[in-house]
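**Q** Okay, here's what each chain looks like letter by letter:
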Amino acid sequence: MKVPQKRGVRKGINIMRLKGLIRKESYQIVRDPSSIAIAFVLPMILLFLFGYGVSLDAKYVPIAIVVEHQSNETSDFLAGFRQSRYFVPVIVTDIQTAEQAMIERRVDGIVWLREDFGKKILNTGDAPIGVFVNGVDANRARILEGYVRGVWGKWLERTSIESGRPLHIPVKVKERIWFNAEMRSRNFLVPGLIAVIMTLIGALLTAMVVAREWERGTMEALMVTPVQVREIILGKIIPYFIMGMGGMTLSVIMATWFFNVPLRGSLWVLFAGSSLFLITALSMGLLISVVAKSQFVAGQVAIIVTFLPAFILSGFIFDISSMPAIIQTLTHVIAARYFVSMLQTVFLAGDVWPIIIYDGLALTAMALIFLMIVKKRMKKRL
Amino acid sequence: MIRDQAHGGKTPEYVLRIEGIEKYFLAGKQRITALKGVNAKVRRGVVTGLIGPDGAGKTTLMRMIAGLLVPDRGEISVLGMNVARDPLKVQASIGYMPQRFGLYEDLTVQENMDLYADLQGVPKDHRSERYEELMKMTGLAAFTRRLAGKLSGGMKQKLGLACTLVKPPELLLLDEATVGVDPVSRRELWAIVYRLVEQEGISVLLSTAYLDEAERCQEVILMHEGHVLGQDAPSQFSGQLNKQTFMLSPEAESRRRLQERIRLMPGVIDAIILGDKLRLVTDQPLETDQVVQRFGVGSESSVQAVPARFEDVFIALLKQRTPGDEKVAHLETEKISHPPHNGSEKDIIVVEKVKRRFGDFYAVKGISFTVRQGEIFGLLGANGAGKSTTFRMLCGLLPASGGKLSVAGKNLRFAAAQARARIGYMAQKFSLYVGLTVRQNLRFISSAYGLSGQRQKEQIEWALDSFELARMADTPSKDLPLGYKQRLALAAALMHEPEILFLDEPTSGVDPLARREFWRRINRLAESNVTIMVTTHFMEEAEYCDRLVIMAQGEILGQGTPEAVKARFRTPRNPDPSMEDTFIAMIEDYEEKEAART
Numbered sequence: 001m002k003v004p005q006k007r008g009v010r011k012g013i014n015i016m017r018l019k020g021l022i023r024k025e026s027y028q029i030v031r032d033p034s035s036i037a038i039a040f041v042l043p044m045i046l047l048f049l050f051g052y053g054v055s056l057d058a059k060y061v062p063i064a065i066v067v068e069h070q071s072n073e074t075s076d077f078l079a080g081f082r083q084s085r086y087f088v089p090v091i092v093t094d095i096q097t098a099e100q101a102m103i104e105r106r107v108d109g110i111v112w113l114r115e116d117f118g119k120k121i122l123n124t125g126d127a128p129i130g131v132f133v134n135g136v137d138a139n140r141a142r143i144l145e146g147y148v149r150g151v152w153g154k155w156l157e158r159t160s161i162e163s164g165r166p167l168h169i170p171v172k173v174k175e176r177i178w179f180n181a182e183m184r185s186r187n188f189l190v191p192g193l194i195a196v197i198m199t200l201i202g203a204l205l206t207a208m209v210v211a212r213e214w215e216r217g218t219m220e221a222l223m224v225t226p227v228q229v230r231e232i233i234l235g236k237i238i239p240y241f242i243m244g245m246g247g248m249t250l251s252v253i254m255a256t257w258f259f260n261v262p263l264r265g266s267l268w269v270l271f272a273g274s275s276l277f278l279i280t281a282l283s284m285g286l287l288i289s290v291v292a293k294s295q296f297v298a299g300q301v302a303i304i305v306t307f308l309p310a311f312i313l314s315g316f317i318f319d320i321s322s323m324p325a326i327i328q329t330l331t332h333v334i335a336a337r338y339f340v341s342m343l344q345t346v347f348l349a350g351d352v353w354p355i356i357i358y359d360g361l362a363l364t365a366m367a368l369i370f371l372m373i374v375k376k377r378m379k380k381r382l
Numbered sequence: 001m002i003r004d005q006a007h008g009g010k011t012p013e014y015v016l017r018i019e020g021i022e023k024y025f026l027a028g029k030q031r032i033t034a035l036k037g038v039n040a041k042v043r044r045g046v047v048t049g050l051i052g053p054d055g056a057g058k059t060t061l062m063r064m065i066a067g068l069l070v071p072d073r074g075e076i077s078v079l080g081m082n083v084a085r086d087p088l089k090v091q092a093s094i095g096y097m098p099q100r101f102g103l104y105e106d107l108t109v110q111e112n113m114d115l116y117a118d119l120q121g122v123p124k125d126h127r128s129e130r131y132e133e134l135m136k137m138t139g140l141a142a143f144t145r146r147l148a149g150k151l152s153g154g155m156k157q158k159l160g161l162a163c164t165l166v167k168p169p170e171l172l173l174l175d176e177a178t179v180g181v182d183p184v185s186r187r188e189l190w191a192i193v194y195r196l197v198e199q200e201g202i203s204v205l206l207s208t209a210y211l212d213e214a215e216r217c218q219e220v221i222l223m224h225e226g227h228v229l230g231q232d233a234p235s236q237f238s239g240q241l242n243k244q245t246f247m248l249s250p251e252a253e254s255r256r257r258l259q260e261r262i263r264l265m266p267g268v269i270d271a272i273i274l275g276d277k278l279r280l281v282t283d284q285p286l287e288t289d290q291v292v293q294r295f296g297v298g299s300e301s302s303v304q305a306v307p308a309r310f311e312d313v314f315i316a317l318l319k320q321r322t323p324g325d326e327k328v329a330h331l332e333t334e335k336i337s338h339p340p341h342n343g344s345e346k347d348i349i350v351v352e353k354v355k356r357r358f359g360d361f362y363a364v365k366g367i368s369f370t371v372r373q374g375e376i377f378g379l380l381g382a383n384g385a386g387k388s389t390t391f392r393m394l395c396g397l398l399p400a401s402g403g404k405l406s407v408a409g410k411n412l413r414f415a416a417a418q419a420r421a422r423i424g425y426m427a428q429k430f431s432l433y434v435g436l437t438v439r440q441n442l443r444f445i446s447s448a449y450g451l452s453g454q455r456q457k458e459q460i461e462w463a464l465d466s467f468e469l470a471r472m473a474d475t476p477s478k479d480l481p482l483g484y485k486q487r488l489a490l491a492a493a494l495m496h497e498p499e500i501l502f503l504d505e506p507t508s509g510v511d512p513l514a515r516r517e518f519w520r521r522i523n524r525l526a527e528s529n530v531t532i533m534v535t536t537h538f539m540e541e542a543e544y545c546d547r548l549v550i551m552a553q554g555e556i557l558g559q560g561t562p563e564a565v566k567a568r569f570r571t572p573r574n575p576d577p578s579m580e581d582t583f584i585a586m587i588e589d590y591e592e593k594e595a596a597r598t
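Heads up: the sequence lines are chains A and B, in that order.
The numbers in my numbering rise by one with no breaks, and the one at position 328 of the first sequence is 328.
The numbers in my numbering rise by one with no breaks, and the one at position 135 of the second sequence is 135.
Just so you know, the hints here were simulated from the structure itself, not pulled from any lab data.
Below, computed lysine-lysine pairings styled on DSBU-like, alpha-carbon distance capped at 30 Å:
hint: 1; chain 1: B; residue 1: K41; chain 2: A; residue 2: K379
hint: 2; chain 1: B; residue 1: K593; chain 2: B; residue 2: K404
hint: 3; chain 1: A; residue 1: K376; chain 2: B; residue 2: K89
hint: 4; chain 1: B; residue 1: K485; chain 2: B; residue 2: K429
Label pairs and their computed distance ranges (CB to CB):
hint: 5; chain 1: A; residue 1: V290; chain 2: B; residue 2: A567; range: 56 to 62 Å
hint: 6; chain 1: B; residue 1: L397; chain 2: A; residue 2: F48; range: 38 to 44 Å
hint: 7; chain 1: A; residue 1: R381; chain 2: B; residue 2: Q304; range: 49 to 55 Å
Incomplete in silico selection of chain B near chain A, CB under 10 Å:
hint: 8; residue: R63
hint: 9; residue: L68
hint: 10; residue: L88
hint: 11; residue: I94
hint: 12; residue: Y96
hint: 13; residue: G102
hint: 14; residue: Y104
hint: 15; residue: L119
hint: 16; residue: L147
Even for Gly, the Cβ is constructed at its ideal location relative to N, Cα and C.
Excised from the complex, chain A in its bound form (with noise of 0.2 Å):
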């Protein structure tokens, strides 16, 4: 019996057997319906649960305002509390309850008028205020300050003009105010967590897929034929890449439609970014299957060493910039990192070159070492 001999042994890329790989994984996934899941329900229902339920706008917070003498400012200051958005007010008149309300979580935040708040404003043209917030939430805790100064202010401001008078101003106020009056949160956060969402969608594709046919013996089978590495890894990243931009486009048009986040840069950066990030994601997932054999495995690893890291360090939601330093170095190896800084920019702020290229260089030098690495690891060997 003659053997045929293999054409184009060694080097390069048979396109018949390429072909076939990518052909078997398109029929699986047509006929499996959980790579369908973590590629499309699963950015759905992520983008609907973070979109409508995580805000980090503080509103109608519980606050408790102690007038310990009440008089014409007092109320006037009052006032400004009252109109705001952000705040109930409850009126006490001595500290004592107020605190005990706070201790009992009933408002996370005290306003203290002195006594002499009235007095005082009209004679030094100054006038203290005590504020005490609930410091569990650190975060909130800093949005509430903000918030109460800005009240502050404004009442301030408004006194000074109407009075004659002028007042010291705290300078910081502005700002905070601005920040978090003018912009939605859920707009930084979409795009941010577009990022997370791509992040896991492309790390659990892959690991869960490699994973399977390590559990149903298919890979076995599939090493002994003389497929090469190249080709395996090809034959994984072309399908799940087609579906991963398909998650992508899925989350843009949810973003700008349902949440009405403005896309003010171009299409195609954001296509070429996000396709750069995934083939990153890809391989990662890959990676995670060259050690996880098991889909319960490679499915906790992929959530752990890349889902959580994207998710914290990626400034998606907490600043990189108030991190401490160390952390701040170690956020340079998160691919995310990069994504979500693009994202936000392209989404918000429009091309901004600048940002875009750094952000495309790191995310293109990460796409070629995890393929490199995925490359060097992955063997046809048990």
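Place chain B on chain A using the hints.
**A** The following block gives chain B in isolation, referenced to the frame of chain A:
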């Protein structure tokens, strides 16, 4: 046995040469030797069997030949190519079917074949012709559009084979291709393998844990615990035991008593129960009258010299290797004996027209049988026959969809918990807590059965002692050898002194020595009136049972003693059918009837 020839002597007669292979694996900090000093050769154009129990190193060796693992020492050359150096070239000229066939279950038969044709680089214009040949050979032509996951076990196996054959390989490697599939499919696979060898000149290396398959190979490499015990033609192997194997028909005593009596007598290599007879292997050739004299088994008419089987050879070789390993197992059966209530003819398990439905699929289709107290009762069938479902219903783990089930006088519909307290259950794969030591496992399981205080202590000591586990008491059970795991699982199932013991595939994969020891314990238990119910897909193991039912597709095809079941299929051409012959004949009968009905 084949001696290692000088290097470089390139004899095209061999398609595979394995020289001085060693392979280690790391398990935690321990280095485990998987293969040591393995030498073997596979001749062109024949079927060579790689035979040995689980843990022998068969799969490791197969994977090395296929280039999936690299040996730590030694060299493998396939068709003159060094596998470790040039795996891609080797992989282009061999076919390899892994244990689970390597099929994509969500692809159709045709799509699977196309994929492997693409991967093997079969030119498009050659395909239709090759497909046609393969479909004819495997009988899958009618199913090309069916998903591979929807095929039966036997059909999957054939599709797996077809996929590895899309490009005719020079050497075909089949890793445990016949394990777990039904005997009919097994027989068909062997027919295909021989057709390949004859018509296409393919050389085949096939690994299996079924020792009886050795006789179907033209050459056999026998492995045990990482070593090669020998390589030769099967007839040469069994020729070594000429005039050393006999069948005894006990006259005055029960066959189990007889077995106990002569098992440890000097000169006895093996004594096992087969049907109503006892199979004896001696360490030197004897005439039948000498056997009568030496073992005191009545008259000469009750002794019959028989040809040696491969398993006899294997046992003999193992005993040669590990002389004096045989320890006397004193199972204190008195402790678990129960006085017979009203004579031992009492029916302790009654199954009447029991059905079990999953969705619109009937896994069990109205079966009826009864089991008497103190009996060893077998449930025989291939994977998917409905054995496990029946078993789970009997243990009260799964409610029946219809019919009546009673165990130890309790109707399982109303008193499952009460019935469960009186049964012991040893699950497939033993279900031990792998992180716990032997003693911790015993303590946990005994408390789960409600034992405590002094009695629990006693029972744990009894288990450690009578199952010879004391030496291993503080070893984590994951580090136990398979045979010990099996013993521990049995001990755990017996600590609460059950009346009925359920064993689900208890001996699959353990080596024949451990299997013998296991069955000896089971026999002792039966002697002390414990009822034993066992499922198995080892046809030959069915012969150890007092009575059995044979199941296929949720129905009972036959029941009775092994002898009675076999007797139905005695023909002039086959006057002494084996259990496997019987099983195949029953399946064929059944299918004929089915065909007539529709």
